[in-house]
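Undergrad: Residues per chain, in single letters:
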Amino acid sequence: NAGVTQTPKFRVLKTGQSMTLLCAQDMNHEYMYWYRQDPGMGLRLIHYSVGEGTTAKGEVPDGYNVSRLKKQNFLLGLESAAPSQTSVYFCASSSTGVHQETQYFGPGTRLLVL
Amino acid sequence: AQSVTQPDIHITVSEGASLELRCNYSYGATPYLFWYVQSPGQGLQLLLKYFSGDTLVQGIKGFEAEFKRSQSSFNLRKPSVHWSDAAEYFCAVGAGGAQKLVFGQGTRLTINP
Numbered sequence: 001n002a003g004v005t006q007t008p009k010f011r012v013l014k015t016g017q018s019m020t021l022l023c024a025q026d027m028n029h030e031y032m033y034w035y036r037q038d039p040g041m042g043l044r045l046i047h048y049s050v051g052e053g054t055t056a057k058g059e060v061p062d063g064y065n066v067s068r069l070k071k072q073n074f075l076l077g078l079e080s081a082a083p084s085q086t087s088v089y090f091c092a093s094s095s096t097g098v099h100q101e102t103q104y105f106g107p108g109t110r111l112l113v114l
Numbered sequence: 001a002q003s004v005t006q007p008d009i010h011i012t013v014s015e016g017a018s019l020e021l022r023c024n025y026s027y028g029a030t031p032y033l034f035w036y037v038q039s040p041g042q043g044l045q046l047l048l049k050y051f052s053g054d055t056l057v058q059g060i061k062g063f064e065a066e067f068k069r070s071q072s073s074f075n076l077r078k079p080s081v082h083w084s085d086a087a088e089y090f091c092a093v094g095a096g097g098a099q100k101l102v103f104g105q106g107t108r109l110t111i112n113p
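Protein chains in written order, with the working numbering: chain A, 1 to 114; chain B, 1 to 113.
Chain A on its own, in the form it takes in the complex (with noise of 0.2 Å):
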């Protein structure tokens, strides 16, 4: 049981590139995330998943795009990269939506663009 796995664990671009980071989950769970780390913020909420087949958008979703084909995958997509999406990126799952529930994270994949 691997738990949350990210792909790559470390990217560099440049900007305009474009680039897909894979999260996939083993735990059978419904919901699915992408968060943003930045120094001194905290991580803040990208897109996430309720389900195979649903995407929404959380608090900072500009210049990514996402999808859910498989219920056990989550991509996050940038199109074309600029330095601003210089972060850390973790996805995470949970079995259900409700508050008290527990979402499990990935270790996180590095990205900068140059």
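Certain hints may be false.
In silico contact screen, one side only, chain B against chain A (beta carbon under 8 Å); selected entries [claimed, not checked]:
no.	residue
1	GLN42
2	PHE90
3	GLN99
Which stretches of chain A does chain B cover? Using the computed rule of at least three CB atoms under 8 Å from a CB of chain B, they are [as the list claims (entries may be wrong)]:
no.	stretch
4	37-49
5	105-114
Here are the simulated distance ranges between beta carbons [what the hints assert, rightly or not]:
no.	chain 1	residue 1	chain 2	residue 2	range
6	A	LYS9	B	ASP54	33 to 41 Å
7	A	ALA82	B	HIS10	23 to 31 Å
8	B	SER80	A	LYS70	27 to 35 Å
9	A	THR7	B	GLU20	37 to 45 Å
10	A	GLY53	B	GLU15	46 to 54 Å
11	A	PRO107	B	LYS61	17 to 25 Å
12	A	GLY40	B	SER80	27 to 35 Å
13	A	LEU114	B	PHE51	39 to 47 Å
14	A	GLN72	B	GLY16	26 to 34 Å
15	A	LYS71	B	SER3	31 to 39 Å
Don't read these hints as lab results, they were simulated from the structure.
Glycine is no exception: its CB is placed at the ideal position from the N, C-alpha and C atoms.
Got chain A; can you put chain B on it based on the hints?
TA: Just chain B now, kept in the frame of chain A:
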């Protein structure tokens, strides 16, 4: 809007000393509160959570937190820290539907030997 404030960006304590990390929240309804820990280069791990009942919550690794509604606080405590507790600690409140979490800025804990 919901918000979480962790007033201390960085705290240093000696090994064996007691620890208290502060967390203040702003939320109109009954809050669902969490403390997560992030070790260097790792993802976040849940330490404990509060959503109802006893206001003193026990977590993993010897941590506890006390919910004080009158002070809008959810401070994390440990009676005696270990060098392995060095990490960044995040307080969060569950906000709105789909269990969206709003995080504080984090407190980095350094342990002196």
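Undergrad: Would you mind marking each hint as holding or not holding in the structure?
TA: Results of checking the hints against the structure:
Annotation: GLN42 of chain B was flagged as interfacial toward chain A, and the flag holds, the nearest CB pair being 6 Å apart, inside 8 Å. Here the hint on PHE90 of chain B is kept, as its CB sits about 6 Å from the closest CB of chain A, short of 8 Å. Interface hint at GLN99 of chain B: satisfied, since its Cβ lies 5 Å from the closest Cβ of chain A, which is below the 8 Å cut-off. With 7 residues carrying a beta carbon less than 8 Å from a beta carbon of chain B, the stretch 37-49 of chain A meets the three-residue requirement, and the given coverage holds.
Counting residues of the stretch 105-114 of chain A whose beta carbon lies closer than 8 Å to any beta carbon of chain B gives 4, which reaches the threshold of three, so the coverage claim holds. Judged by the Cβ atoms, the range 33 to 41 Å given for LYS9 of chain A and ASP54 of chain B holds: they are separated by roughly 40 Å. For ALA82 of chain A paired with HIS10 of chain B, a C-beta distance near 29 Å keeps the hint of 23 to 31 Å intact. Checked against the hint of 27 to 35 Å, the pair SER80 of chain B and LYS70 of chain A fails, with Cβ atoms roughly 46 Å apart.
Distance hint for THR7 of chain A and GLU20 of chain B: a CB-CB separation of about 38 Å, consistent with the stated range 37 to 45 Å. Taking the beta carbon of each, GLY53 of chain A and GLU15 of chain B are about 50 Å apart, inside 46 to 54 Å as hinted. The hinted window of 17 to 25 Å between PRO107 of chain A and LYS61 of chain B holds, with their beta carbons roughly 19 Å apart. The hinted window of 27 to 35 Å between GLY40 of chain A and SER80 of chain B holds, with their beta carbons roughly 29 Å apart.
About 43 Å separates the C-beta atoms of LEU114 of chain A and PHE51 of chain B, a value consistent with the hinted range of 39 to 47 Å. For GLN72 of chain A and GLY16 of chain B, the Cβ-Cβ distance of about 44 Å falls outside the hinted range of 26 to 34 Å, so the restraint is violated. In this structure, LYS71 of chain A and SER3 of chain B meet the distance hint of 31 to 39 Å, their C-beta atoms being roughly 32 Å apart.
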